[in-house]
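J.: As given, the protein sequences belong to chains L and H, one line each in that order. According to the numbering used here, the first sequence holds residues 1 to 158 in order. According to the numbering used here, the second sequence holds residues 1 to 158 in order.
Careful: at least some of the hints might be erroneous.
Copies of the same chain are indistinguishable here, so a pair counts whether it falls within one copy or spans any two.
Think about it this way: if two alpha-carbon atoms lie no more than 25 Å apart in a straight line, the pair counts; the simulated DMTMM-like pairs of lysine to aspartate or glutamate are [unchecked claim]:
| id | residue 1 | residue 2 |
| --- | --- | --- |
| 1 | Lys71 | Glu100 |
| 2 | Lys40 | Asp52 |
| 3 | Lys76 | Glu145 |
| 4 | Lys41 | Asp111 |
| 5 | Lys87 | Asp43 |
| 6 | Lys41 | Glu67 |
| 7 | Lys40 | Glu147 |
| 8 | Lys143 | Glu100 |
| 9 | Lys143 | Glu93 |
| 10 | Lys71 | Glu36 |
Derived by calculation from the structure, the hints in this document are not laboratory data.
Protein chains: 2
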Amino acid sequence: MNAECRLRSAEFKYKIEHSEIRIPKSAFERGGSVIEIDFKKGDGLIPVIIQDAFTHEVLMLGYMNRESWEKTLETKRATFWSRSRGKLWAKGETSGHVQEVKEIYLDCDGDTLLVKVNQTGGAACHTGFRSCFHHRHEKGEWKIEGERIFDPKEVYGE
Amino acid sequence: MNAECRLRSAEFKYKIEHSEIRIPKSAFERGGSVIEIDFKKGDGLIPVIIQDAFTHEVLMLGYMNRESWEKTLETKRATFWSRSRGKLWAKGETSGHVQEVKEIYLDCDGDTLLVKVNQTGGAACHTGFRSCFHHRHEKGEWKIEGERIFDPKEVYGE
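In isolation and in its complexed conformation, chain L is listed as follows (with noise of 0.2 Å):
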C-alpha cells in the first residue's frame, strides 16, 4: 500500500468511525481488503489453482462454485465442482490423497484462486502422476515427464 492509500484508507476508517459514512459491515471496514470472490465472471464457477505448499509444484487446476467453496473452508480440504459429472467433488473422497489446505489466495480481480496444499498420498493426479500437469512440451510434442507415485487401477478399480 503506497503512502496515498494508506491516507485515504485512514480517512475512510476515521469517517467510519466517526459515523460521518456508513457503509455494511465489510470486510474492508474490518481493516482487511474490499475484494471479494468474483463467482459471476464464470457463470458461478471460479478456477482454483493447486500448489504444493513445501515442494511449490503445481498439482492441478479445479473449479469451485460457492457451495464446494464454502466446504473447502469448513473441511480444510480442496472440495471441487467437477464440471464433467455435474456435482461437488471432494477431493480424495475415492482415492483418500485429499488435499490439506494450508493457504488460501485470491487474485487482483478476484476471479482466481490459488490453494497452497498438503498433497497426502504423494500424488494429485487420477493417473497416478505427482502432478496433473506431466506433459511437458518439446518441439512441438507432448512428452510425458516423471513416474506414476501410484497404479490408478489399484486405487480406483478397473
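Dock chain H against chain L, hints included.
T.: For chain H alone, kept in the frame of chain L given last:
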C-alpha cells in the same frame, strides 16, 4: 508408465511399424504422447497458469486461444487472449515486463496449461505486485500480502 501400459505402447508401435495399423502422423507415433490442447471445452479459450521458473511462485492466470498459443510459441513470450478487451494481449506490451517462456506443460485432460517463465521487471501484476495472488485469506478476510515492486501510475500512466 506402468508395465502393462509400456507393453501396450510397445505393441502399438510394433503394429504401426509393421503397417498392421495406420494412423495419421501423430505425436504418439513419433514417440510422444497422444494428448493435444483441447480448446473446445472453454469455447476456444484455455486457462494458463504462469509460474516463475526460478522462484516457483504462481504469478497469474491468463487465457489463450489458438492464435495466442501459436504467438507464444513463435515469440517465446507469453501472449494471452484478453477476455475484458476482446483481443490478443502480448504480456508486457505496455509495461515492458514481458514473460520469457522457459517451460510449457499440459495437464492430463489437455484443458489447462502451465507455463514457467522468466518474469522481466520483477512483477507480473498490473497493480505492481510481484504476483497477482497477493490477497491472502485470513480469518474470513482477504489481507494484502507482499510489497509493490512498481508504481502502476509510473508504468501505465494515470
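J.: Confirm or reject each hint.
T.: Structure-based check of each hint:
With identical chains, the CA atoms of Lys71 and Glu100 are at most 25 Å apart within one copy only, with a shortest distance of 13 Å there and 38 Å across copies. Within a single copy, Lys40 and Asp52 get their C-alpha atoms no closer than 28 Å, and across copies no closer than 29 Å, so neither meets the 25 Å cut-off. Taking the closest pair of Cα atoms, Lys76 and Glu145 come within 25 Å of each other only across two copies (21 Å); inside a single copy the shortest separation is 30 Å, beyond that limit. For a Cα distance limit of 25 Å, the shortest separation of Lys41 from Asp111 qualifies both inside one copy, at 7 Å, and across copies, at 19 Å.
In the homo-oligomer, the alpha carbons of Lys87 and Asp43 lie at most 25 Å apart both inside one protomer (15 Å) and across protomers (21 Å), since each shortest distance falls under that limit. In this homomeric assembly, Lys41 and Glu67 come within 25 Å of each other (Cα to Cα) both inside a single copy, at 16 Å, and across copies, at 23 Å. In the homo-oligomer, the alpha carbons of Lys40 and Glu147 never lie at most 25 Å apart, since the shortest distance is 38 Å inside one protomer and 29 Å across protomers. For a Cα distance limit of 25 Å, the shortest separation of Lys143 from Glu100 across copies, 21 Å, qualifies, whereas the shortest one inside one copy, 30 Å, does not.
Taking identical chains as interchangeable, the C-alpha atoms of Lys143 and Glu93 are never at most 25 Å apart, the minima being 30 Å within one chain and 31 Å between chains. In this assembly of identical chains, Lys71 and Glu36 lie within 25 Å of each other by CA distance solely inside one copy; the values are 17 Å within and 33 Å between copies.
The structure fails hints 2, 7, 9 (numbered hints given earlier, in ascending order).
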